[in-house]
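Q: Chain residues, written in single-letter form:
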Amino acid sequence: MRATVLVRPKAGILDPQGDAVERALEHLGFAVSGARIGKVVDLEVQGDDEAAARAQVEKMCEQLLANPLVESYEIELHG
Amino acid sequence: MGRPQPRIGVVSYPGSQDDRDALWALGALDAEAVPVWHEARELPRLDAVVLPGGFSYGDYLRCGAIARFSPATAAVCAFAEQGGLVLGICNGFQILCEAGLLPGALLRNETLRFVCRDVALRVERADTPFTARCEPGQSLVIPVKHGDGRYVPPPELDPAQVVLRYRDNPNGSVDAIAGVCNEAGNVMGLMPHPEHAVDPLLGSADGALILASLVESARERALASV
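Chains as they are written, first to last, in this note's numbering: chain A, 1062 to 1140; chain B, 491 to 716.
If you're looking for bench data, these hints aren't it; they were derived computationally from the structure.
Careful, some of the hints might be misleading.
[To be verified] A short, non-exhaustive set of chain B residues, derived as facing chain A with CB atoms under 10 Å: (1) 552; (2) 588; (3) 597; (4) 598; (5) 599.
C-beta atoms are modelled at their ideal positions from N, C-alpha and C, and glycine is treated no differently.
Construct all of the structure, not just a fragment, from the sequences and the given hints.
A: Okay, here's the thing in structure tokens:
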């Protein structure tokens, strides 16, 4: 089963990369605000059981993929 | 009879850069500096450990995130849990935060620029094993060189754990925090590089106050264990 993990800077954590990209977009003439930059991790998890796969990926996020102090994560599973 | 030299290990990870400077500086400050390879599952007999600066494992994912799983880091964690003295410098500080030995996280500098220059620090605590040679409130000039040095403390950080602050914050660290210790006081991390400032020829010898404090504390422990 394929999984996509989205890792984002938590609300309230300063994200200078997001700020820089926002300024660049404004420079291009786009009216934007609130740009934040995170990470995407795509992976294959063994097995077809969605609940088991989700539980596995949750553990991966807690132990390695995200730093829970400063990052939040979201898991998407694609059958 | 000469004073015994404390044995201080310096861990080399793939991508460590400042391990040799740390070994040299500790040797110059009258310690027996012991190289420790990242694959070591057990530490040799040591009185203290230094995790050096650099870009361990390419700093992939997050700085220090992969080094945290290296065998030597597990051995260092066990050493720290038994009360052993551990000092993390720059990438070593990031590794200690990722490993949970120190509170907080180190994120991209506020300016997005890599900063490489001398910075002035204020000693907030001179009663730790790493700052005993300093005076409270003393100014130290020690270089920083990092792109990810913005310290973000956990909400519950005890202000008494702040050991060093920047006088002129180079990276946007919360409360200008440059160095913190754990609650027990036997583990400390800092972003500035004391090993690069141990001789006036290098611009400053103030880093020697930090490393000599560590050497002296390690020596006391070595003597106490005899």
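Q: Where does the structure disagree with the numbered hints, that is, which hint numbers, in rising order?
A: none
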